[in-house]
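Take the sequences, apply the hints, and build the full model.
There are 2 protein chains.
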Amino acid sequence: MNRPAALSGFPELLPGPRIVEQRVVEQLSRAFELHGYGSISTRAVEPLEQLLRKGETSKEVYVLRRLQAEEADSTDSGLGLHFDLTVPLARYVLENAGKLQFPFKRYQIQPCWRGERPQEGRYREFWQADIDIVDRDDLSSHYEVELPQVISDALKPLPLPRMTMHVNNRKLSQGFYRGVGIDDPMAAIRIIDKLDKIGPDGVAGLLEETLGATADQIRLCLELAQINSTDESFVDRVRRLKVTDPMLEEGLEELAAVVGAAAEQDPGLVVADLSIARGLDYYTGTVYETFMSGYESLGSVCSGGRYDNLATDGKNRYPGVGLSIGVSRMIIPLLNRNVLAATRDVPTCVLVALPDAESRRDCDRIAATLRGRGIACEVAPAAQKYGKQIRFAQRRGIPYVWFPDSGEVRDIRSGEQSAADVHTWAPPREDLRPGILRRD
Amino acid sequence: MNRPAALSGFPELLPGPRIVEQRVVEQLSRAFELHGYGSISTRAVEPLEQLLRKGETSKEVYVLRRLQAEEADSTDSGLGLHFDLTVPLARYVLENAGKLQFPFKRYQIQPCWRGERPQEGRYREFWQADIDIVDRDDLSSHYEVELPQVISDALKPLPLPRMTMHVNNRKLSQGFYRGVGIDDPMAAIRIIDKLDKIGPDGVAGLLEETLGATADQIRLCLELAQINSTDESFVDRVRRLKVTDPMLEEGLEELAAVVGAAAEQDPGLVVADLSIARGLDYYTGTVYETFMSGYESLGSVCSGGRYDNLATDGKNRYPGVGLSIGVSRMIIPLLNRNVLAATRDVPTCVLVALPDAESRRDCDRIAATLRGRGIACEVAPAAQKYGKQIRFAQRRGIPYVWFPDSGEVRDIRSGEQSAADVHTWAPPREDLRPGILRRD
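Keeping their order, the protein sequence lines are chains B and U. Residue numbers for the first sequence follow the working numbering, beginning at 59 and rising by one. Residue numbers for the second sequence follow the working numbering, beginning at 59 and rising by one.
Take these hints with a grain of salt, some might be off.
Note that the list lumps identical chains together, so a pair holds whenever it fits in one copy or between two copies.
Listed next, the in silico BS3-like pairs over lysine-lysine satisfying Cα-Cα at most 27 Å (straight line) [to be verified]:
#1 157 <-> 373
#2 300 <-> 252
#3 157 <-> 446
#4 443 <-> 157
The hints are simulated quantities; they were obtained by calculation from the structure and are not laboratory data.
Here's what the structure looks like:
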């Protein structure tokens, strides 16, 4: 077999970078669980009719068939790989509604697949970390306040570039456009969503052409989109535009609660940004987009919002609010640029040197004792000269070598060597497991 | 949308059972890392030509295509979902050989897919946990001794039924059959592999028909297959059959080393069982199969062996030895029978009661302080009567409710309530995170 080539759009990590990914996923899981979110894991496949409910993504879906399936055999037809974790959540909630406790708080960290053209930050296979709260019939708006707090706790301990979460509220936008006199506020939202790409003039043109908006209406829409603040001051700036609408008022109040609580907990993380529209029709309250400082061109690395009509089974409605961290989008570009690296390439903390082949069982016992105390170790693969065994450790970044004959342990970075008891010796906390190193 | 139905062969877990699965995967990962195995995660897809190298599994492969792919567009054709973690490992090693350190020890816990007819213990999507050691050119046989020790450390702390790992050695079998005078020892291995299904008479018939074996040869083959022992005594029993062959001697020595070391570390786990054949041609040394006491009908839950010809790139050969735990096969039947359950259904340890809606921010601060000390908690969703809030906790198995107004915490299982300081109070260790409960 010749050396296989990498598959474009299906990134894989070497053992060192994979340790970084593991630490990120561990930290996210830990933070989500501290906030009471339970893990679920859904199957990779969904029925096509579920995946295609939002028509716009249909061309990105990977469809499955069994290689040897008979033409007439349809048991496997109609399955595709999920392209996000929201469609599987909606289906899981409906399927298990009778067995779940509501409000249902779950997190889910899994790969998703989209047959898109690959580019930096966009992959055909990518990991997402989602948190959602789904309730039955009604969902309290304080969960829209909670989500940025969870994300703050999840991301703050990681050595990532600074994050800014831009939030808006669908009721605020829709109410404002309605208050301005635009007949189809959702259409206006879809146009405002293009502001980044086509600029204010382009948006103005579209608002006029598509919706017949007047110059005054267009001016107000563009002024609203320019308002942003890291505290509740945006409320007054909106009020100064003198547009009134009951839904606008609700939206202002909800957004002020989100921004106010976030300003107290993690100042600078959350910005009220009234240009944030998010194209998808299904949002009905707060919407979130998050950018990584210096990496804005990747797009949002943590997005979501409130959706009142995610799922319904006829009898009950299941409104929810959720945020999705693009784990691959966030960390693969940082790994590729060597901004993040692992402190070593293997979990091993101690290499037990092997004086001669006959000592292997004795060395295994030393290793087993250290492992029993939570210290990762392995015995050298062969009884080579100690210089070679030390180089074996160096090449992998293993910090300590244990010499069974002298009963000493050496920190091979500093060269310090001292007598050690296998029942009491412990490495400094930061050496116990490999961690993440930030290089700037 | 009507209530969706489960998909046969694609098992999904409710939040409680999912906690059991999480704890199992955590424990396996922890044990593997303590032994110096690093994690890798490979993409879900492999080129079809890789997947079909072993022709026998071709009918089980799920093939992908993009829903909107043009007929002529072949960029996505030729991809299938992996059906095990060995094919991806072989490809990963060849692709990254220049960047890996050998011997390369890795573990990998991921789903695999096979389009088989689903039955208990056999699923279309299932999780495997694999450990392998791959070296360049030569692989020391002490790694064949190491693997059962790693598996023992991985499984022993879990409340699973007793495991018995049956081991044999391909050199022993091949050498013995050759020593007996059978021309095609691999053909004999494939026939002996059917012993469980067709019995000694069936095997005798096939050995005669297919290989022209004499009555004496058949008797020796069947006698070998009856030998088993939990210590090195099998060696003498084989020698008493008076068959001599240099490869047989090598195999006896290697198998004695595996069984001897295991008998010291975890008596009863490993049995030398000379009937174990494993059908696959690519094994060249130790072979392993593991059965769960009372659940033998599920088949082996942890299998593998040594393969000297897993991968070669023309210049180098990469021999390896590996074991694969069938995580889904092992735990889903136990979950379905309620033998294993989670101690509670959510990660939350403390519910902070909400005296009134205005106190939410104060309650959030209490929760944040507890979380900062590693205690998972959430604030009650609404300021209902305390009785209702306590029932909210009970339904989820949350053990503690914190009352902010009185500054007291109640263990709602015992009803005990006492004053507590948010900066110092901690639950007993076993309540901190949900664990696994064994019910027999």
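Checked against the structure, which of the hints given earlier come out wrong? none
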